[in-house]
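Colleague: First to last, the sequence lines map onto chains E and C. Take 21 as the starting number for the first sequence in this note's numbering and just add one per residue. Take 21 as the starting number for the second sequence in this note's numbering and just add one per residue.
If you're looking for bench data, these hints aren't it; they were derived computationally from the structure. The structure displayed is predicted, hence computed values, not measured ones. Built from N, CA and C at the ideal position, the CB exists for glycine as well. Each hint should be verified, as a subset may be incorrect.
Among chain C residues calculated to face chain E with C-beta under 10 Å, some are [what the hints assert, rightly or not]:
(1) His123
(2) Gly275
(3) Asp279
(4) Gln282
(5) Phe402
(6) Met415
(7) Gly438
(8) His574
(9) His575
(10) Ile603
(11) Pro604
(12) Glu611
(13) Asn621
(14) Val624
(15) Thr625
Spelled out from the first residue to the last, the chains are:
There are 2 protein chains.
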Amino acid sequence: MAQIENLEKLARLIRYYILVSTTEAGSGHPTSSLSATDLLAGLMFGGTFRFDADEPGHPNNDRLIFSKGHASPLFYSLWAAAGKVSEEELMTYRKFGSPLEGHTTIAFRYVEASTGSLGQGLSIGLGTALNAKYIDKLPYRTYVLLGDSEMAEGSQWEAIQLAAHYQLDNLVGILDVNRLGQRGETMYGHDLEAYEKRIAAFGWETMVIDGHNMDEILGAYEKAASVKKKPVMVIARTIKGKGVSMVEDKNGWHGKTLDREQLALALDELGEIDRTVRGVISKPEDVRPVEREPRAAVEEIAYEAGKSLATRKAYGNALKRIFPRFPNMVVLDAEVSNSTYSQIFQGGHPERFFEMYIAEQNMAGMALGLHSRGKLPFVSTFAAFLSRAFDQIRMSQYSDANIKFCGSHAGVSIGEDGPSQMGLEDIAMFRSVTNAVVLYPSDAVSTEKLVEEAARHKGMVYIRTTRMATPILYNSSENFPIGGSKVVRQSEKDVIAVAAAGVTLHEALAAYEELKKEGIGIRVIDLYSIKPVDTATLRKAGGVTNAIIVVEDHHPEGGIGEAVRSALADYDIPVHSLAVTKIPRSGKPAELLDFEEISGNAIVTKVKELI
Amino acid sequence: MAQIENLEKLARLIRYYILVSTTEAGSGHPTSSLSATDLLAGLMFGGTFRFDADEPGHPNNDRLIFSKGHASPLFYSLWAAAGKVSEEELMTYRKFGSPLEGHTTIAFRYVEASTGSLGQGLSIGLGTALNAKYIDKLPYRTYVLLGDSEMAEGSQWEAIQLAAHYQLDNLVGILDVNRLGQRGETMYGHDLEAYEKRIAAFGWETMVIDGHNMDEILGAYEKAASVKKKPVMVIARTIKGKGVSMVEDKNGWHGKTLDREQLALALDELGEIDRTVRGVISKPEDVRPVEREPRAAVEEIAYEAGKSLATRKAYGNALKRIFPRFPNMVVLDAEVSNSTYSQIFQGGHPERFFEMYIAEQNMAGMALGLHSRGKLPFVSTFAAFLSRAFDQIRMSQYSDANIKFCGSHAGVSIGEDGPSQMGLEDIAMFRSVTNAVVLYPSDAVSTEKLVEEAARHKGMVYIRTTRMATPILYNSSENFPIGGSKVVRQSEKDVIAVAAAGVTLHEALAAYEELKKEGIGIRVIDLYSIKPVDTATLRKAGGVTNAIIVVEDHHPEGGIGEAVRSALADYDIPVHSLAVTKIPRSGKPAELLDFEEISGNAIVTKVKELI
């Protein structure tokens, strides 16, 4: 068959590119690329894959995600074989400034999302597939290249179970079973049945093929395209290093390149390469999603000053309220929507709410996939449990992700449920992510406003909410820009400034009243924007008082106190920290705030100690 | 049968305790406790479970872990029914200071490890089971109570696959399929076959039973005890709220207690309770493990000054070297032992090395289980990928865990592999954990010494290592106490102090030489202990210079710079930060250090800017 011959010719060219580019770079993963070369050449140039290479952002392009991001030489070589990367550019692989990075990143124009931390690509693909089926309602398909080693990651099984649950028949996993991990054999080696049994048990359609037989490869993709109501896993037996006998199926060749001499031998073995042949990719049908028009006018905020409402509830209200203004919004929650109150959004816009069950890693990965398809994901669970998805959150910074995370039940003030449910490291976690914005509202009005600010901001935003109801402090007409703060109490002679956010702001207000009785004036600052933080206001407060006390329902390390210290590093303003330093217990919120010395009482004591 | 009748009587008593203690507390999870009551009454008092309640630490006691930690009322009530918790103590449930916390914690003497973040208990149980089979070689069994909702967590499937891999036939999961999660039905509802198919596909022995039929329950445990070479999952169909018809199988009753009136009705329905009946637990065989004697004398460290070696390699050397001195050591690695160099330990002591494959969450959970059985786990992978286990690491602080984590490939200095592989948030992550120690050696000698300090320290320690080889700076006779630092360069007139650790220390030394040529003296401090940090030395350095520059291959937030600022908060010492603030790329290590302005050049520039 001419098609098979042509594909094999292309595969040979791709192998050539993989070998020369990695030897030139002196590092990289040629053997992990070679095992999947036939699988991917067959996919891209065999007719199944539909992609307009001149419009990578075409909403109906099939999506291709390399979960095994270290097979980047294969990815770049595929696009070289498609005529979209020059040989010259290919030789910049891994060089500083090149878009052809060591693991696939969005610096390269055909990458959907940056990968390289294993076990994340399938979740990203779930996001793009869910978007196609339920949101954009487009016929594009999503293909995810998976390594066998990474199947040990639990996140894969989170994705596998959820894809079946949502009957994503537009999702095809390509499992490259090359037997060898980084340091030796994988758990199942070449036992393909082990994978098939497990994946099929989760409700996927599975096919086991020889990953170096082009006929079987094409047949599998063709069949995969016709499966209904189930995602498909093509499980391929492959040889690591296939095509270069000196490294084929050999341990010790992971992440290792050939030297010049070895390269010469390998190229000899490859045989004649036609460097002029180019693969042709099928074009997608030119259909585009029906876009909802953003509507400027949305419901007004109407909270009564003095009444109380939990910020987590205001978060739910806000999501529902602002949706007409941000019609790309999608809301995900990990089986706690009645605690985070994302269920309020679900009630209003059920078609844009997706239940993720208790699987936070996959939830964060899916959000990245949705983001890559132009959606605006709001992702919520308990603040404590977002720690589960730290690796996915960390990776999102490398995809310029426009994702909003909301963590509820922050701090010891949740009370009786005890430490396992208390978010006490979440601010540190999100602050440590480049360009992530961290917001921490203290009342319903500021929550509503900040959720909207978050939606408007391009980039990652974390919103921290509180379990208990807190009094409404602000008028609905007030604004809460990112990077701002509010001076909520001040006198002519403030001796100390207290910066607080969330529940501790209310403790600071209690301290203010208490101290006022004794004639001691303190300035109280609502530091609702933790990152970026309002340096100007803090500096000013520090200038007119003796010191700043930062009070936070979070551990001191990486928290608000350290954010303030860093902001004021260039000024001689003493910054004192009241934070959670003891292992918390079950108990009443007020008992715990006292125990950790972040309560109104503790603030009063600290102020008196300092003056 | 008298036994069945007696067990049913005990189950009734336990239900009574669950109901009265949660109503008294006013919060908690009675319905999630009631669904598992028969399963657990049958286990503890049915003869299978062997536990010496007077010696909870008996090394041959069977272990019982509540992965669904919110079923704590059941756990405490079981021990009340065993006569080990008084009715008075039971009524302190969730009160401040009571060991009977909202989710099971080690404050209660029969708890193996604190739980409450779902999806972690099975990994902990894997640790105790692995210990029994391969380390202590004892016949005790491990039982883990699992909720159906938490089966969505990928960590469960990591544990499931590894338990089968290690043929842990001493591990029994008890899956309480009560159909309802927190906010509604689980993914599979009462489809028990869905669970059975999936779990069996992973190589477990499975049994499906009626979780309220005592006969079936006892039969399952008996059978489970005789299964060989496979872990066992007892999959039980249960009713949430079983025994109280007003809440049975009803949505909206998760984490909700009965009020006094409802309680009265429920108790009526329960019928007569014999509050004098007490359950009897079988005693374990009094066998104890053969303990290895610690040996004081170990090999000497022998590194040649001036030569270079990667700290990650020194980590491997140290593990192997100190083992005779710390014979409780166990080393775990997530399929990268040839990168972290834990393989050096494996080479020397293969019986104490366990391959965890690429499944970091389960690895961290298993470490906690091993810790609970008196072992000293050293856990390694890339620093970046430890973020995957943040929730397990976070939870470990609530179990007083004596676990040592090592993250290799820290920072942008790894070079070409690109950002996905760079640990840039790991210091922030570990600093945010209460009482965790964070160490960051810069050469082979200090690594060796710090690994030993870590082993000696009781508590969680994080050791950060570097990919590239770095010159050996220290003499083997030097000591590196936790909380210390080293002034490695100083002159009579230092204008600036540069505090650095790991790779940036070498950059600081390069800057020192460069500046010296121009007659500018700087003090260079090796801040190998990030937490606790050496405040005294920093303060002294700040006192005799104009400022401190902290240089770190990590994001600024939560990193070394903020640690130093917090340490010096009470002193007027300017602390400047050079850290990773731009999204890194692939490139040569030196290019990246320059790009991020944390190189010797950047330090020179900063010093000149400040003087």
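Colleague: Using 10 Å as the Cβ threshold, decide whether Gln282/C counts as touching chain E.
Modeller: Since the shortest Cβ distance to chain E is 19 Å, the answer is violated.
Colleague: Answer holds if the nearest beta-carbon of chain E is closer than 10 Å to that of His574/C; otherwise answer violated.
Modeller: Interface hint status for His574/C: holds (8 Å vs cutoff 10 Å).
Colleague: Any CB of chain E closer than 10 Å to the CB of Val624/C?
Modeller: With a closest approach of 20 Å, the Val624/C hint is violated.
Colleague: Please verify that hint: Gly438/C, Cβ, nearest Cβ of chain E, below 10 Å or not.
Modeller: 4 Å, holds
Colleague: Does Thr625/C pass the interface hint, meaning its C-beta sits closer than 10 Å to a C-beta of chain E?
Modeller: 17 Å, violated
Colleague: At a threshold of 10 Å, is the proposed contact between Asn621/C and chain E supported by beta-carbon distances?
Modeller: 15 Å, violated
Colleague: Once the shortest beta carbon distance from Ile603/C to chain E is found, is it less than 10 Å?
Modeller: 6 Å, holds
Colleague: At a threshold of 10 Å, is the proposed contact between Phe402/C and chain E supported by beta-carbon distances?
Modeller: OK, holds: Phe402/C within 10 Å of chain E, min 9 Å.
Colleague: Take the shortest C-beta to C-beta distance between Glu611/C and chain E; is it under 10 Å?
Modeller: 4 Å, holds
Colleague: Going by Cβ atoms only, is Met415/C closer than 10 Å to chain E?
Modeller: Since chain E brings a Cβ to about 6 Å from Met415/C, closer than 10 Å, the hint holds.
Colleague: With 10 Å as the cut and Cβ atoms as the points, is Pro604/C at the interface with chain E?
Modeller: Holds. Min distance 9 Å.
Colleague: Minimum Cβ distance from Asp279/C to chain E below 10 Å?
Modeller: It is violated, given that the least Cβ distance between Asp279/C and chain E is near 16 Å, above 10 Å.
Hint compliance for this structure: hints 3, 4, 13, 14 and 15 are not met, and every other hint is.
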